[in-house]
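Visitor: Mind docking chain E on chain F? Use the hints.
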Amino acid sequence: MRSVRVWFKKTGTAIYISHLDMNRCLSRAVVRAKLPLWYTEGFNPKPYLNFLCPLPLGQEGLNEPLDIRIEGEMTNEEVRSSLCAVMPQGIEITAVTDPIMKTAQITSAQYSINLLFGSEGTASAFSHTADEIIKSGELVAEKRSKRGTKTVNLCEMITAFEIEAEGSLAKIQTVTATGSASNLNPDLVVTALIEKTGLEPVSRSISRTRLFIEKGEAFC
Amino acid sequence: MFPRQLENVLLKVQKPGRYTGGELNSVLKDKSKVDIRFAFCFPDTYEIGMSHLGMKILYSLINEREDAWCERVFAPASDMEEQMRALNVPLYGLESGDAVKDFDFIAFTMMYELCYTNILNMLSLAGVPLRSSERKNLSPLVIGGGACACNIEPMADFFDFVTLGDGEEVTNEVIDLYKIHKAKGSTKQEFLEEAAKIPGVYVPSLYDIQYNFDGTVKAIVPKNGAPEKVVKRTVRNLDTMFAPSTFVVPFIEVVHDRTTVETFRGCIRGCRFCQACFLYRPIREKSPEIVEKQCRAIYESTGYDEISLCSLSTSDYTGLEKLLNSMLDWTIPEKINVALPSLRADNFPEELMKKLASVRRSGLTFAPEAGTQRLRDVINKNITEQEVLSTASLAFKGGWTAVKLYFMMGLPTETDEDIEGIAKLAQAVVDEYYNNPDKPKGRGVNVSVSVATLVPKPFTPFQWEPMITPDETKEKQAKLLSFVHSKKISVSMHNSQTSFLEGVFARGDRRLSQVIETAWRHGCKFDSWDDSLKFDTWMQCFEECGIDPYFYTARKREFEEVLPWDHMDYGVTKQFFIRENKRAHEGVTTPCCREKCAGCGAAAINGGECSEIRKSVV
Chain F
1 MRSVRVWFKK
11 TGTAIYISHL
21 DMNRCLSRAV
31 VRAKLPLWYT
41 EGFNPKPYLN
51 FLCPLPLGQE
61 GLNEPLDIRI
71 EGEMTNEEVR
81 SSLCAVMPQG
91 IEITAVTDPI
101 MKTAQITSAQ
111 YSINLLFGSE
121 GTASAFSHTA
131 DEIIKSGELV
141 AEKRSKRGTK
151 TVNLCEMITA
161 FEIEAEGSLA
171 KIQTVTATGS
181 ASNLNPDLVV
191 TALIEKTGLE
201 PVSRSISRTR
211 LFIEKGEAFC
Chain E
221 MFPRQLENVL
231 LKVQKPGRYT
241 GGELNSVLKD
251 KSKVDIRFAF
261 CFPDTYEIGM
271 SHLGMKILYS
281 LINEREDAWC
291 ERVFAPASDM
301 EEQMRALNVP
311 LYGLESGDAV
321 KDFDFIAFTM
331 MYELCYTNIL
341 NMLSLAGVPL
351 RSSERKNLSP
361 LVIGGGACAC
371 NIEPMADFFD
381 FVTLGDGEEV
391 TNEVIDLYKI
401 HKAKGSTKQE
411 FLEEAAKIPG
421 VYVPSLYDIQ
431 YNFDGTVKAI
441 VPKNGAPEKV
451 VKRTVRNLDT
461 MFAPSTFVVP
471 FIEVVHDRTT
481 VETFRGCIRG
491 CRFCQACFLY
501 RPIREKSPEI
511 VEKQCRAIYE
521 STGYDEISLC
531 SLSTSDYTGL
541 EKLLNSMLDW
551 TIPEKINVAL
561 PSLRADNFPE
571 ELMKKLASVR
581 RSGLTFAPEA
591 GTQRLRDVIN
601 KNITEQEVLS
611 TASLAFKGGW
621 TAVKLYFMMG
631 LPTETDEDIE
641 GIAKLAQAVV
651 DEYYNNPDKP
661 KGRGVNVSVS
671 VATLVPKPFT
681 PFQWEPMITP
691 DETKEKQAKL
701 LSFVHSKKIS
711 VSMHNSQTSF
721 LEGVFARGDR
731 RLSQVIETAW
741 RHGCKFDSWD
751 DSLKFDTWMQ
761 CFEECGIDPY
771 FYTARKREFE
781 EVLPWDHMDY
791 GVTKQFFIRE
801 NKRAHEGVTT
811 PCCREKCAGC
821 GAAAINGGEC
831 SEIRKSVV
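Chains as they are written, first to last, in this note's numbering: chain F, 1 to 220; chain E, 221 to 838.
The following block holds chain F by itself, in its conformation from the complex (with noise of 0.2 Å):
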């Protein structure tokens, strides 16, 4: 038995698969491409599937890796091909690799966000309001997490943040604490920069670019 790490892209209407979904969805595409699985032990057996770093509903991504576990013989180029010819509308294979580095490793992610609003004048005046608060420190906002829900400054949690206005788009790229040890999901971040400018976009889309290690290292 080994593990192997398959990389994949979720974006279009997949964006609206939960995770939960996301490990029923993918538990049949890797019995679909009939690869060699090892599957669980106990009185339900399943293919073993991990999901290193789940996307929130809504949320696209361009790098998103998941582990699964096969016996027998097959080259990771051969992993990638059956799947590849497998998985349905949204869901792009792009790579399967040996897993180098663990799931713990993981502390923080890229994102790129765009956020539409009804003018251009509105836009550009978001993004300088918003580059300002990002600069100045501090932006507190309630966060949720299964200890409940805390009053914190999600600053400390953002290691970059860019905005500028194009036409009626405002676009962010930002890198955000992400993994088990400390995480914030941009949405927090634009809800809280909405709140903040009293300025609503008419729509937002949000998409995971990367993963990085500490110092800004790539996942892999």
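Treat the hints with caution; some may be incorrect.
What the hints assert, rightly or not - Some chain F residues close to chain E (C-beta under 8 Å, calculated; not the full set): (1) T13; (2) R24; (3) C25; (4) R28; (5) V31; (6) R32; (7) P36; (8) N50; (9) P54; (10) L57; (11) E92.
Hints in this document: simulated from the structure, not taken from any laboratory.
Virtual Cβ for every residue (Gly too), placed ideally from N, Cα, C.
Guide: Same frame as chain F, now just chain E:
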């Protein structure tokens, strides 16, 4: 796909995966290259509808045609409906995102009477006039099918036509005919009159109903060349019949999310309350080789880890052992669970049972339906207490600790003793567990008893019987609970109000169309969901329309009475039903078809063929 305007609301509603489309194996076509747009509508939520085999069959069947594109449509939940109405987004097909009002067909499948208000709600969301007479153009045609088509009278004003019986052949015939009429620019009336000539097609507007002073039906008069009797369709050979080779795989969890393949249609048992048994006769079996091939194809294209072999009574399938012996060879190594719903456990080989449980152990269910042998004889449920107990004993030995028992109340001739019998039988199963030396160590037993209320249905020997009132139901339910003394027994019972409404519509006539529309206008929908049923509103609507609902449920009908569904012919004869009704009241059972043909008459509409008759001749 979904309309662009919904992009911003999808994250505000529960389970957006219901509304996005884009699932694996869903069929996308170039709309400029198809002539016929077909909306297959299921009048309940996505999770229920996506579990429905009939929809999967007809979806694949229509999409096999190059000239037609079939899309799926489900009833949006209230939160989504609110958003759609606020944004003026009409009901759309999940494949294209296009409004169904522009489709050629808006087709509903009707498995249950309590979905009727949902049908009206979906038509309204689509922006289509509710009544057939208000829709003047040839398209969209609002059509229906499914079990409720056998008495569609309460919905007669809304449907342009319905099809009776198996849909595999008639659906294509209807589409072919429509295509001709669309091309030559026929009127809706011209098309409907021609469609009525296709066997199995019922056009309600081509029949005048006359009533007696006492409110019963006096006569049903066909006009403009419509047939006096509409004969249901039966597919003669199930081996060559169309069957899907793949299923759409939902992203979200649905009720039954698995490979399902039919093994046969019809039922040999003849339980007198059961509508499905008589609606789907005569018995037609599929060869085990074909069943296995179809299972394999769907498994490989979906990745489902469960296969359900479906029929009305799976252990009566003559090919079952052969099928399982061959199939388990690949399902066990591939960790696929094989489920046999509707299994009568009485004569099922122990060896096979063990093999079936080797991947994942599924539940164990018995349906004695009545608490005493006397009453089981009345309803012709030929299963004895000893059979239930000995099978349960075997199962306990095999490690099972949970058993489900299904019963009914409100059966003809029922007394308190029969109600007490339900509790006694459940207790006997509990005792069987504790008296079993081989029971699983250190674990308790759980017997869940589920009790439904008898809703007498058309095309059953009980179609003339009165149904108990909601008050009587509650009384009997309370009585049953007082007889249960063990914590190992859990009892669940059907909502008496839901059953009552089901009873009204099951044997209703055309005058109820007005009540259903009124109820919908007063906000009734999702009536089968306990938390959204507005029973008081329903009762007010009956009153507002001057209709007594008890006229349809509480009355014992005479054999001579003209029934609202008398112009439907499902093969089984009225004489047979009368004979069976009389035998019920005498407490005499009728042997199952395999032992002795009871002469129900269903073979006549299948060219004289019935698997069981053929067997008894050989």
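Visitor: Which numbered hints turn out to be false for this structure?
Guide: 7, 8, 9 and 11
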